[in-house]
Amino acid sequence: MPISHPAVLAAALTLASLTPARAMSQSTPTGPTLAPAPAPVPALAIVNARVWTGDPRRPWADAVLVRGERIEAVGSSAEMKKRAGAARVVDAKGMMVTPGFIDAHVHFLDGGFALSSVKLRDARTKAEFISRIRAFAATVPPGTWILNGDWDHTNWGGELPDRRWIDSVTPNNPVWINRLDGHMNLANSLALAAAGIGRDTREVAGGTIVRDASGEPTGVLKDNAMDLMSNAVPAPSLTMSLRALDSAMTYVAEHGVTSVHHMGSWSDLAVFQEAHRQGALRTRISAAVPLSTWSMLRDTVAAHGRGDAWLRIGGLKGFVDGSLGSHTAAMLEPFTDVPSDRGLFVNTPENLYAWTSGADRAGLQVIVHAIGDRAIRTQLDIFQRVEAENPARDRRFRIEHAQHIAPADMKRFGALGVIASMQPYHAIDDGRWADAVIGPERAKGTYAFKSLLDAGATLAFGSDWFVAPAAPLMAIYAATTRRTLDDRHPGGWVPE
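Residue 156 is where the sequence shown starts when you use the working numbering, and the numbers rise one by one after that.
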């Protein structure tokens with residue numbers, strides 16, 4: 156007998172994002188006039204496959220039947236063909252079919268915009284970095300802002316880029332391009348002038364304006380200092396945002412991702428709501444909004460609910476620190492390569508506690524970015540305090556990234572029920588250079604997937620796209636092999 160299975164399944168090339176089939180739930184008419192007969196529900200049978208069902212009673216099958224928007228059953232190819240009737244049959248030729256992947260951490264619109272912007276992630280030299288910007292600038296009209304980019308200065312030895320590198324190749328276009336982690340951006344002189352940033356601009360709490368020896372801004376802004384550009388950069392139109400969303404949905408579908416947890420803003424949520432109103436969503440979205448706006452979310456949920464199967468307000472996202480690659484992760488001890496620095500707090504512990512406590516009292520999920528061991532300890536302390544002060548409930552507190560954990564804090568995730576939401580691809584990327592930043596001893600607590608599991612923690616995996624590719628199979632490879640992208644750790648980076 157075939158197994159009816161409630162889990163949503165998807166083949167990366169054949170199945171789109173799935174929801175419960177509304178067409179399959181119809182009431183029996185009670186009046187004298189019968190309702191029109193429902194339209195036939197199209198069916199699809201995928202046969203000759205290796206189907207991972209997610210059901211421990213029968214983890215593998217060789218066929219799956221889809222009817223409308225719902226997985227109806229899995230079983231043998233013969234059973235599914237018989238049950239499908241006139242369904243379209245796809246021969247998978249032995250390929251694997253898995254449940255649709257849920258990416259637990261993306262920046263969906265940013266990723267969509269980045270698909271059509273300048274590509275700097277794999278620029279290996281200063282000259283290549285400049286050349287790619289020059290080439291892209293030649294393709295856009297004068298006055299157009301050049302955004303995104305995803306550059307990585309570790310590719311060319313660690314020297315931070317400078318506005319002077321690119322001023323001559325972008326004389327007519329303001330430039331505001333991000334490091335791949337999103338915690339550091341480079342502006343050219345046109346962009347700095349548009350934002351009114353110069354020698355006399357004051358430093359920003361929770362951020363850094365990088366300056367040269369004479370005190371002039373180099374164009375690199377870190378974390379909260381990036382907010383200085385916010386009023387200068389033009390906001391994308393709704394049409395542009397919907398186009399970016401469509402590109403993002405296509406991109407993740409190509410990688411078998413059917414649902415995402417989006418970390419963003421209220422304006423992002425408005426774009427998703429408009430796409431949903433138009434019936435254009437092809438990816439299920441659980442959207443988080445800023446933690447500091449918890450009272451606004453409380454009121455919104457009270458008035459309108461959380462959403463539906465396609466679009467749901469998932470919680471509140473906050474920040475403790477920055478990133479290791481930008482030297483803004485908050486560490487207990489100084490960086491190995493910069494002994495005078497141990498990172499920064501993007502928000503004060505006092506604010507983080509107040510926001511977390513208020514959101515928790517309102518019954519909302521709190522999701523907090525913490526990368527350095529000092530940041531992680533700080534947020535664990537806040538979670539522990541809030542849990543002790545507020546009534547018991549199913550909180551599902553999350554720490555996003557949880558990259559560099561002090562040994563004494565490893566067991567606290569499981570003990571407190573805090574979810575470690577991690578991105579395995581970062582391990583094989585950061586592993587190329589992280590030892591130089593934090594030293595081999597601290598690296599032992601880095602991306603500690605198995606240690607966290609052994610300590611009773613719940614893990615959620617995601618990509619952090621746009622920061623890293625939204626490619627679940629690559630993430631699984633990263634988590635299981637820990638082989639860095641430069642092939643310098645064939646046995647895995649800190650495999651223990």
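Among the hints, erroneous ones may be present.
Restricting the straight-line Cα-Cα distance to at most 25 Å, the calculated cross-link-like pairs of lysine-lysine (DSS-like) are [stated by the list, open to error]: (1) Lys566 x Lys599; (2) Lys248 x Lys236; (3) Lys605 x Lys566; (4) Lys248 x Lys237.
Derived by calculation from the structure, the hints in this document are not laboratory data.
Do the hints match the structure? See the list:
1. A threshold of 25 Å between alpha carbons decides the hint, and for Lys566 with Lys599 the separation of about 15 Å falls inside it, so the pair holds.
2. Between Lys248 and Lys236 the alpha-carbon distance is near 15 Å, which keeps this suggested pair within the 25 Å criterion.
3. At roughly 12 Å between alpha-carbon atoms, Lys605 and Lys566 fall within 25 Å of each other, so this suggested pair holds.
4. For the given pair, Lys248 sits about 19 Å from Lys237 by alpha-carbon distance, which is consistent with the 25 Å threshold.
When held up to the earlier numbered hints, the structure conflicts with none and fits them all.
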